[in-house]
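Enquirer: Chains as they are written, first to last, in the working numbering: chain L, 36 to 232; chain H, 36 to 232; chain A, 36 to 232; chain Z, 36 to 232; chain F, 36 to 232; chain C, 36 to 232.
Since the hints were derived computationally from the structure, they do not count as laboratory data. As the structure is a prediction and not an experimental result, all values here were calculated from the model. Where hints are given, some of them may not hold.
Where chains are identical, the list cannot tell them apart; a pair therefore holds if satisfied intra-copy or between any two copies.
Capping the alpha-carbon separation at 25 Å, the derived lysine to any residue pairs in SDA-like fashion look like this [what the hints assert, rightly or not]:
(1) K140 to F63
(2) K138 to Q61
(3) K138 to F63
(4) K230 to E193
(5) K95 to N196
(6) K95 to E134
(7) K230 to M36
(8) K230 to E48
(9) K138 to N203
(10) K230 to T80
(11) K230 to D201
(12) K152 to L123
(13) K152 to D175
(14) K138 to I46
(15) K95 to I38
(16) K220 to D201
(17) K85 to E223
(18) K176 to D217
(19) K230 to G51
(20) K220 to G64
Number of protein chains: 6
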Amino acid sequence: MYIAHKHIDEIFEYDGSQINPSWAFQEFGIYGSSIITWIGPVNITADNLKDFADVGLEIKSSNMVNFICEFFDQQPPNMRIAYLRQRLLVMIFREILTEYGIKTKREGDDIFVDGGKLSISIASVSLSSAKIHFAFNLEDKGTPEDVEVCGLFDIEDEEENQIFNDDNLLDLINETVLRFTDELKTIENDISKTKVL
Amino acid sequence: MYIAHKHIDEIFEYDGSQINPSWAFQEFGIYGSSIITWIGPVNITADNLKDFADVGLEIKSSNMVNFICEFFDQQPPNMRIAYLRQRLLVMIFREILTEYGIKTKREGDDIFVDGGKLSISIASVSLSSAKIHFAFNLEDKGTPEDVEVCGLFDIEDEEENQIFNDDNLLDLINETVLRFTDELKTIENDISKTKVL
Amino acid sequence: MYIAHKHIDEIFEYDGSQINPSWAFQEFGIYGSSIITWIGPVNITADNLKDFADVGLEIKSSNMVNFICEFFDQQPPNMRIAYLRQRLLVMIFREILTEYGIKTKREGDDIFVDGGKLSISIASVSLSSAKIHFAFNLEDKGTPEDVEVCGLFDIEDEEENQIFNDDNLLDLINETVLRFTDELKTIENDISKTKVL
Amino acid sequence: MYIAHKHIDEIFEYDGSQINPSWAFQEFGIYGSSIITWIGPVNITADNLKDFADVGLEIKSSNMVNFICEFFDQQPPNMRIAYLRQRLLVMIFREILTEYGIKTKREGDDIFVDGGKLSISIASVSLSSAKIHFAFNLEDKGTPEDVEVCGLFDIEDEEENQIFNDDNLLDLINETVLRFTDELKTIENDISKTKVL
Amino acid sequence: MYIAHKHIDEIFEYDGSQINPSWAFQEFGIYGSSIITWIGPVNITADNLKDFADVGLEIKSSNMVNFICEFFDQQPPNMRIAYLRQRLLVMIFREILTEYGIKTKREGDDIFVDGGKLSISIASVSLSSAKIHFAFNLEDKGTPEDVEVCGLFDIEDEEENQIFNDDNLLDLINETVLRFTDELKTIENDISKTKVL
Amino acid sequence: MYIAHKHIDEIFEYDGSQINPSWAFQEFGIYGSSIITWIGPVNITADNLKDFADVGLEIKSSNMVNFICEFFDQQPPNMRIAYLRQRLLVMIFREILTEYGIKTKREGDDIFVDGGKLSISIASVSLSSAKIHFAFNLEDKGTPEDVEVCGLFDIEDEEENQIFNDDNLLDLINETVLRFTDELKTIENDISKTKVL
């Protein structure tokens, strides 16, 4: 199972349209399963909202790291698999933060630090692919007033030093993608050496 | 999505036959998806081996906590979902250990503590259900000589106090099952409020 | 397999939009599979028509009992299962009428009494769920002129007494939902005790 | 959706092996989906038992009408569809009995007349096809002593005349098969004229 | 597996809307899987474009033979099966041309003669059916200027005689449909005589 | 979609057991989808026969080129996809022979040259993978007496020169595998750039 990873250096807004199928092909000519990552503001328009529980809410933040995953392997796409993989991504990201000494809480697909919401996520499917959007705040800027938010850059270690900054952010992004795609590959490998019941 | 949990107080051996479909119905009259937990030795016979990579190896331990999960919701059963749910179970168990202050490492479905293998796991499917076996050692007793093993009861905190013992083991088992089944339910809930692409 | 049932006491029109996915979540905050029942007029707009054979026809009636079923268990949803479950619902409703001594005829998903059309039904799927709309007339009022219609309240026993009225209608609705959901549960139970071939 | 029907005139025993996949091809050279019907004793060997709830029980009767249905259309076969189609067959058979004026009760896939068990049924799947065995007693002969049984030939109308006999039995068999296969075809037709959500 | 074939004698344009699900039912009242063939111009509007790689390109030709295939057998429809069947159709058409002594090249779903593009094709799915559009040029007329095109009527044998013309074109169309539907039926037959692993 | 190809230089018999799931992993440690090719005799034991139409027949030949393909991408495996891919492999092999100037006939998955059977093939599935066995004769040696057989090495061009021999056989094998795996990849690429209906 090959999954291409492309990190885009330019800043652009996630407005919710990037979760549409074949976005990676249309924008970057990428065939097959892929993960596109970039840094930019998030401001999801009502039209592009995928979580019916969020209708009427603002989902926005001025500075987030975005992951858009698209999977074509499972045909027809299966929403259950989409959400299981989403949980895997969120939990792997959390495992990495734990290794950096950061205490987090997780509720479903949400990660919290010190009571502040660090991340947002949604999964969904079309008939051609499954998509996941996962994003975490770098700062608490441009976020809804009624939500307590934590930015990655706000997190400090015990000596009150900032743990992540512009120098090691890309390492974190790459490490997250690498562990996630590796995990999916070990699952495929496990399948190919398992006797059925 | 309702998943029955039954903890069996008697000690009995996991010989690998318990992974067969409808074992929970045949042994305990349980209909539908279920998780059966118990404490007992593990000694998988060659006939019951499901991991082709383990052919010729001994998989045994005198004292383990066993989880047998069976899922009938996905029809026909899907090996990919079986392994994704297995990873979820393993990672949730690991999240709980982390909360107890225990440092662990994870490689796929294996958990290690201080270089010793704490747990074993396999997933597989028949045409009626998906099954997961997950088990962790309580002690390093009766395990293969060439494998470094860690038992849960061997793990100590910084003051060299044993963290788990017979008094709080059942809490750990119940907590693991509860969080795992809750996670699966939140996934089903997420599906029912997601707009498709 | 848990299926929530909610009967809505208010009268509102079925215009065909209620068959859209996650309607029960959006309107009533219900997670997972559900059956919503209510009494009200039916007047399906051209936009909301799901049966291509009905294009150009009027589907309307002033006083019907409506059932909207939504199933999230089968992922990805399967139109064949949606229609098989629809037939089950229609046949169970007919079984109950037979117990009340009412002679009916069935053609596919249509039920007739004395040559008059008692009920309408459609099934369809999105990528998140399968939906069934089933409705039966209480009176022959506001129905298309070129269709012979029978209302449930028009049916009389041999002594020319009306069989159903406002006093026992809710019992009929609840009994229909209960038997249907029970049937689906026995099917799931049957799966969990069946040996595969 | 074409389903071949072949009625076998010879008497032979249903021992449970006929539910295996491709039995109709191996015995009669029939390609594709089919329904084979015949009259004969039933005596299911322990090896061929498919219902784990029946382990240790005798399932036998000296004189039954047997239906073996095999479906290759759904790939991969789906146990849920197998059981939904089984319910359809049982309910259609019951609808026909009702038209003959026979009062019956149904519990899942069992039909009762006057408290006596008229029929038995099981559904299951292999990876190539779904199979249904449905059989009803003609007489209460050779059946387990602890089960109250009703034979079709024992049923009488209000004037105490036997309703079914050797003269009209084949009509009943053919009518049951015809309505069942017609129902499945109308479902496929419904699919091809339904707009998705 | 029954697949209806209807050849339409009137000339009409393929504008891309004919690939929508249930078009054969809506236009011609055809239930179930079908292949509709006709001769006419092709001019796909931007709205109806299904290949994201063709965005911004003109796909048009004044005189093509069109095949629209719709399959309802696989539920839920599977894009992988849609494309495998498309390749089968294209390769079978090519096999027939080879029998006529015509040398062709194939790249995926495109057929070339003497460097000129003879055919176009796309496959896609909705939740009710899988669809294939396959069309080949009769002449190089009304085609995009930047594409080298070959028309079937332009192909000559070694004595420079035109191989296909209005007299034998319908035979070619019928033969292509017949072999393709026969191939799909032999596959279904093969399934019904194969032992699973 | 990555498919490993391994050609085994040693000669060994195909006895039918190599079609079992995970054979490539168990024998060669290969994870994931793969094609194993080798030269050797074929002699399928009754136990390993997968085509119920061949029961009682001998399937043997002293000198064949064998292809064993295993696919783990489609979960759960689908017999329809297995046979569609088998047809693709057979037709691609035939396309290559045509390019070498060899006239062949094809009936389903059988290739004939001058009335002699050149190849045999079967496809099947377990719950973990889909498998294809395809093999063609090099000589008419050790084959059943009642079958007219053609060996690849027996085929001559118009000047009566042998077309294939030990020098170019491996090229043919590699070219066949390469085009087949390329075709499957272009199908996956096509999926990732197709708009759904």
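Enquirer: Within a copy, between copies, both or neither: where do K140 and F63 come within 25 Å Cα-Cα?
Expert: neither (35 Å within a copy, 30 Å between copies)
Enquirer: Should K95 paired with E134 be assigned to within, between, both, or neither, using CA atoms and 25 Å as the limit?
Expert: neither (28 Å within a copy, 31 Å between copies)
Enquirer: When Cα atoms must be at most 25 Å apart, do K152 and D175 count as within-copy, between-copy, both, or neither?
Expert: within (10 Å within a copy, 41 Å between copies)
Enquirer: Quick one: K138 to Q61, C-alpha cut-off 25 Å, is that within a copy, between copies, both, or neither?
Expert: Neither: 39 Å inside a chain and 35 Å across chains, both beyond 25 Å.
Enquirer: Are the CA atoms of K152 and L123 at most 25 Å apart within a copy, between copies, both, or neither?
Expert: both (18 Å within a copy, 22 Å between copies)
Enquirer: Have a look at K220 and D201 and pick one of within, between, both or neither, based on CA distance no larger than 25 Å.
Expert: Classified as neither; 30 Å inside a copy, 38 Å across copies.
Enquirer: Go through the copies and call it for K176 and D217: within, between, both or neither, with a Cα cutoff of 25 Å.
Expert: neither (33 Å within a copy, 33 Å between copies)
Enquirer: With 25 Å as the alpha-carbon cut-off, assign the pair K138 and N203 to within, between, both or neither.
Expert: Result: close both inside a copy and across copies, 19 Å intra and 24 Å inter.
Enquirer: Go through the copies and call it for K230 and E193: within, between, both or neither, with a Cα cutoff of 25 Å.
Expert: neither (48 Å within a copy, 42 Å between copies)
Enquirer: Could you place K230 and G51 in one of the four classes (within, between, both, neither) given a Cα distance threshold of 25 Å?
Expert: For K230 and G51, only the inter-copy Cα distance (12 Å) is at most 25 Å; the intra-copy one is 41 Å.
Enquirer: Given identical chains, is K230 near M36, meaning Cα to Cα at most 25 Å, within a copy, between copies, both, or neither?
Expert: Classified as both: same-chain Cα gap 20 Å, cross-chain 23 Å, threshold 25 Å.
Enquirer: When no copy is named, should K230 and E48 be tagged within, between, both, or neither for a Cα gap of at most 25 Å?
Expert: between (46 Å within a copy, 21 Å between copies)
Hint violations for this structure: numbers 1, 2, 3, 4, 5, 6, 11, 14, 15, 16, 18, all remaining hints satisfied.
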